[in-house]
Amino acid sequence: MRPRLFPILLWVALTVALAFLALPVVAIFVHTGPGALASSLGDSAARDALRLSLETSALALAAILLVGTPAAYLLATREFRGRALLTTLVELPLVLPPAVAGIGLLAALGPHGLLGGVLHDAGIRLVLQTAGVVVALAFVASPFYVRQAQAAFGAIDPALAEASRTLGAGEARTFVRVAIPVARSGLVAGAALAWGRALGEFGATLMFAGSFRGITQTAPLAIYERFGTDFTSALALSAVLVAASLALLLTVKLGLRRDALPRS
Amino acid sequence: MRSRAVAAALALVLGAGGCGAGSQLKVSAASSLKQAFTSYGRAFHARFSFAGSDQLAAQIRAGAGPDVYAAANTKLPAALFAAGLVEQPVVFASNRLVIAVPAQGAKVRTLADLARPGVTIAAGAAAVPVGAYTREVLARLPAAEARAIQSNFRSEEPDVAGVVGKISQGAVDAGFVYETDVLASGGRLRAIDLPTRVKPVVDYAAAVVRASGHRARAERFVRGLLGRAGRGALQAAGFTPPPRR
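Line by line, the protein sequences are chains A and B.
Numbered by numbering that gives the first Met the number 0, the letters in the first sequence go through residues 0 to 263 in order.
Numbered by numbering that gives the first Met the number 0, the letters in the second sequence go through residues 0 to 244 in order.
Zero decoy hints are in this set.
The following residues of chain A were derived to be distant from chain B, with all beta-carbon distances above 12 angstroms: (1) 12; (2) 16; (3) 17; (4) 34; (5) 43; (6) 50; (7) 89; (8) 120; (9) 156; (10) 169; (11) 172; (12) 179; (13) 188; (14) 195; (15) 199.
The calculated EDC-like cross-link candidates involving lysine to aspartate or glutamate, where the alpha carbons are at most 20 angstroms apart (straight line), are: (16) B:33 - B:202; (17) B:74 - A:229; (18) B:106 - A:120; (19) B:33 - B:178; (20) B:198 - B:178; (21) B:74 - B:135.
Don't read these hints as lab results, they were simulated from the structure.
Each residue gets a CB set at the ideal place from its N, CA and C atoms; glycine is no exception.
So that you can see chain B by itself, here it is in the shape it has in the complex:
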């Protein structure tokens, strides 16, 4: 009786493991794509790994093999392409960097408020796209204001999910995140728009990983991002169509 149960459990584990490693499409994607990709990926039976785009790129460089890589910028996929690790990347969506604050009782109402003493801010670390965009914004501000804002940083998170968590837990007064994160928060966060003159261009690119064992399906996944299903899922999550540059 008992040994039969053990055998059954073993078969289940082995079966699941075999199926998981063998036939599912593995997609490494930026944390900010979680909502959009989870709904888009259902038709592909895709399995996701969401993290900072830089961490995922480092995993690919170290030989970890997802089938698809999708980043919150175009720089990281381009660098992997130049290194011969992925196919030609496709720009598939755009996002906007915003200041996020708690929906209720926010201490911060404008960009200028971020520079006030005593305000606490969470941001992405410099290596993760959301942190790099944040630093682009700071670089376009007057030096004194940028310094004042940066001196209010209290945490530099490895991905945007960490920034969102710190704001919604009340650990900080505000943070730099994407507009899609505010939408995904279900009303807990509110977005404050950045002035156009400091707004960074936030484009997302995806690519098929060269070492993928599921090339055809990975290509369909990446191409599909520009098709109806992909657009639909991305727009529902708040992304805008990619620019024609």
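With the rest of the complex left out, here is chain A:
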């Protein structure tokens, strides 16, 4: 009897976790009829918000990939003093409340912020601008990518990189032709997580970029605005966001599986 108990406990735990995590998502769809869904997509303010969310999160992701990939490679492949500290600093936004992120961004890049004067002189406007939304999203979402990328690069067999170098490839070539392809699935998974986080960002965006239709009001902000007046359309817009996030996650998972098949 004894040895059977533990697997049962595991299944019970999984069932509880699943029920807890899936229930709110299911409830959104139970409450949202196809009619409400269609009419919410017919609402031009909701479409503006969804379009803005897709654009800003895609831009933020591009910036994260461009800077985050080499930064993660460095953290994963070099031993140096203070590396653990740097890694922790990079991961810090993961545990920061979004409101703190918003205040921090204002204190750093706002008109009265540390770099406010420099940005102003350079003619760069971020606060209450679409560019500010991208900055807020990149700030909160980048650790999700960098962390995963660092782990993926760190898991590469050092012999591979060595072989590449013995064959005459420089370090840059090894990074592009060997490290990135080998670490690909980890990088893609990290990018998907970061994108999902950016799509859902609320607090830092509201504090740093404000909320204005078509300029800074992303889908989560539009949902919050509707919550007070029109719960049905808030639900419908939430359903669209859930569907988009789910599609994103599934695409990545299926893509990675197909990727992995020929090799295994």
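We have chain A; now place chain B onto it with these hints.
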């Protein structure tokens, strides 16, 4: 040793949780009431949730149960009363809508300045009372001026605290807030009065929530707003007594 510490921590958390959920009076109030209610609520051991009045009303409609609801207008409590969710609301204070600008180096000095190109403005979203009052002002202005002002809006915030934050951070040149918010800013903001002909009536109403588990105390809290302690706290924060209408 360690397990004892864990047990103690657990007891503390459970105790606090039990006490918090069980015996404290929960008050959902408009963001603009923060200062006045924080000082008034001490005697009641009240716990507050400050947000846009519309968001709080939506929470009550969704079944979240505070004991008291206090809004920055009379419309939202009246609608909840009509829906049978709260008792008869009591009008307990009045406020004034003003234009707020930074105390130093303000680009905006008059209402007319708001219509100038290049001026940036933060306002409440249409659903939150402060945003609805702002739109009442615009509706009373000549259409061209109202359009020019509205085209300078750069953010529509979910509550008045957001508007205050955007002005005091220098993100915008001006915003529509309540006079009490300017007082609470401790000198960082300055108020520009609106002309009487466009000034909206800003009355605050509170009500006991029907589903409250602390009816007697909630009633005392709401009635007390009209008594000495309530008046004192409200006036210290810059509110005026409710009108006799």
